[in-house]
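Peer 1: Residue strings, one per chain:
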Amino acid sequence: MNTLFDKIWDSHVVEELPGGMHVLYIDRHYIHEVTSPQAFEYLHKRGAVVFRRRKITAIPDHNVPTVNQHLPVADNESRAQLEALARYCNQYHIPIYPVGSHRNGIVHVVGPEQGLSRPGNTIVCGDSHTSTHGALGCVAFGIGTSEVEMVLASQCILQPKPRVMSLRVEGTLPEGVCSKDLILHVIARLGTNAGTGHFIQFDGSTIRALSIEARMTVCNMSIEMGARGGMITPDRRTVDYLAHRPLLPRGIDIERWLELRDDDNARFDASFTLRAEEIEPMITYGTNPATGIPINGRVPLDADKQMLAYTGFEAGEPIAGKQIDHVFLGSCTNGRIEDIRAFANIVKGKKRHPRVTAWIVPGSKRVARQAVKEGLHRVLADAGFALRQPGCSACLAMNDDKVPPGHYCVSTSNRNFEGRQGPGSRTLLAGPAVAAAAAITGQITDPRTL
Amino acid sequence: MKEKFITLLSTVVPLPFENIDTDRIIPARFLKTITRGGLGQHLFADWMPNGLPLNHGSILVTGPNFGCGSSREHAAWAILDAGFRAIISTSFADIFRVNALNNGLLTIQASPAFVEKIFAATREDSYIFANIDLASRTVIFQGQRESFDISPYKQQCLLNGLDDIDYLLSIRKKIRQYEKRKP
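Line by line, the protein sequences are chains A and B. To convert, take the position in the first sequence, counting from 1, and add 1; that gives the working numbering. To convert, take the position in the second sequence, counting from 1, and add 377; that gives the working numbering.
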């Protein structure tokens with residue numbers, strides 16, 4: 002009895018090689034400026050050409066400034082990467098949504114919101130957070146540059162089929178707890194490599210009750226537990242979310258997506274079930290995403306000493322009340338309109354703490370437009386926050402949005418590795434509400450107390 | 378054609394840490410190149426600014442979940458450019474392992490006892506060898522023979538210096554046929 006993952010994967014296998022390697026056909030290939038120019042270069046050296054240009058969409062996002070996008074990019078290396086991507090797209094007639102265009106943004110925000118990522122698809126991109134698209138019921142995962150070259154050359158990659166894990170969350174999330182808290186809780190429970198070798202199918206009443214955007218946050222971070230990707234069976238919400246999206250082909254039968262589901266008694270290689278009632282607003286204290294603790298909790302007594310030496314916390318102390326310097330709202334994890342709404346909802350009528358530098362970075366132009374339409378930019382401005390222009394920004398700090406050494410940043414992004422937000426930066430992962438509360442008080446604060 | 382990987386006799390370089398992530402291997406600010414070369418100088422740039430404590434040899438030995446995090450193939454390129462040809466660990470992150478193998482960097486998943494033996498030995502003597510034989514899928518360290526798994530396909534790719542793209546280009550007709558029958 003097959004899982005939905007099995008069905009999608011198996012129907013895309015062009016050929017199976019001895020030893021379990023599959024030639025997997027790819028429906029949608031997203032490319033960006035950091036991991037694809039090197040693939041084009043090798044393709045060119047090999048004398049090969051792009052095989053299916055219409056199945057590729059180029060969206061520069063990693064390296065882009067989040068202010069003054071109408072000006073040339075000041076950083077020479079960043080500009081060279083952006084220009085290389087544009088040049089290759091021009092050469093091979095690949096559709097590109099350049100910086101400043103109305104469809105630009107973070108590739109994992111743009112793909113779903115434009116209707117390019119669809120249930121039943123196989124989707125790859127040279128970025129590990131490609132798992133985000135799985136929220137729409139597709140098999141989506143990150144690949145390396147050699148594989149980007151494979152897809153450019155043949156629209157296929159060679160991969161062994163991953164095992165499939167069922168991860169169910171049942172029950173009702175407590176008031177003030179969001180899907181970021183849910184996934185940080187899951188990763189803290191299961192660990193950074195619980196998903197290695199697996200693809201995760203999320204399910205259960207809690208997952209079903211989440212909006213599509215909230216589901217994207219969950220699938221986005223499945224890679225942080227080592228999984229190849231995460232996905233959620235399409236339902237009515239999925240169909241409603243995708244209906245009328247700008248790049249959905251005319252006449253496509255969207256109701257058919259509801260037929261995509263597991264067989265009865267589908268067999269999973271591993272299964273976990275967690276309860277929603279146990280989940281609280283979360284924040285991380287360490288340097289991997291599995292170090293999440295409840296915001297009213299204490300740093301564990303057995304916490305890794307090297308980790309604590311880096312983050313400057315002490316084992317056993319409460320995390321709430323710790324002073325912070327920066328707040329980052331954005332990224333493919335939490336840069337969508339619901340995240341900006343959640344942040345604005347907390348800061349409305351209050352003032353940003355004067356010590357706190359805050360970067361509010363919408364995930365796409367479309368998200369930014371929607372925020373303005375809803376007047377959220379005014380709510381933010383009144384509280385002392387400015388809406389920046391879209392991009393990956395301080396999630397990986399390839400542009401100028403860097404956290405200085407030693408500074409604490411409450412960040413809605415996905416990784417708190419050493420130096421992730423700039424050399425010596427200390428990242429505390431959390432959801433939009435916790436980030437907003439910290440921006441107001443200047444310290445780690447339970448948003449439910451504001 | 379890539380360089381073939383058949384056997385490797387080299388000193389081991391121990392790195393006894395868990396969860397060495399790709400940001401540690403190569404921080405994002407060094408990803409701004411448009412070619413693959415020259416990244417070895419940035420290997421572990423922020424984590425070990427003065428370089429590895431022991432840095433002679435082509436076999437890196439690490440703790441579990443090596444290469445977790447980003448899909449950046451720059452991590453594999455930097456390790457290769459710094460002179461390594463193989464990594465022995467108890468476990469690797471999936472994307473990193475694929476990236477490494479696609480570049481002829483052999484990843485060897487060994488038992489915790491075997492890896493611990495190497496760590497213990499290098500604490501005593503910093504200049505000791507391991508011997509890898511890809512054809513028989515074995516690594517020998519101080520007389521102890523450890524077998525490792527690798528897909529037969531990838532094993533042939535490495536032994537012959539071929540890569541996946543050579544193969545995929547050879548079956549484009551089949552791919553076109555698949556596109557015609559695709560649901």
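If you're looking for bench data, these hints aren't it; they were derived computationally from the structure. It is possible that some hints are incorrect.
A short, non-exhaustive set of chain B residues, derived as facing chain A with CB atoms under 10 Å [said to hold, decoys possible]:
(1) G446
(2) A477
(3) L546
(4) K559
What the simulated footprint calls covered on chain B by chain A, stretch by stretch (three residues with Cβ under 8 Å from a Cβ of chain A suffice, anywhere in the stretch; the number is not a length) [what the hints assert, rightly or not]:
(5) 405-415
(6) 525-537
Calculated pairs, BS3-like style, for lysine-lysine (alpha carbon to alpha carbon, straight line, at most 25 Å) [stated by the list, open to error]:
(7) K306/A with K494/B
(8) K56/A with K381/B
(9) K557/B with K46/A
(10) K374/A with K352/A
(11) K162/A with K551/B
(12) K46/A with K56/A
(13) K56/A with K8/A
(14) K551/B with K56/A
(15) K403/A with K550/B
(16) K162/A with K374/A
(17) K8/A with K381/B
(18) K550/B with K162/A
(19) K351/A with K374/A
(20) K559/B with K8/A
(21) K352/A with K403/A
(22) K323/A with K403/A
(23) K349/A with K374/A
(24) K494/B with K46/A
(25) K8/A with K379/B
(26) K374/A with K403/A
(27) K349/A with K559/B
(28) K56/A with K162/A
(29) K306/A with K352/A
(30) K351/A with K323/A
(31) K559/B with K46/A
(32) K162/A with K557/B
(33) K46/A with K381/B
(34) K559/B with K162/A
(35) K56/A with K559/B
(36) K550/B with K56/A
(37) K323/A with K306/A
Note that beta-carbon positions come from the ideal geometry of N, C-alpha and C, so glycine has one too.
Peer 1: Against the structure, test the hints numbered earlier, and report the numbers of the ones violated in rising order.
Peer 2: 8, 9, 15, 16, 17, 24, 25, 26, 27, 29 and 31
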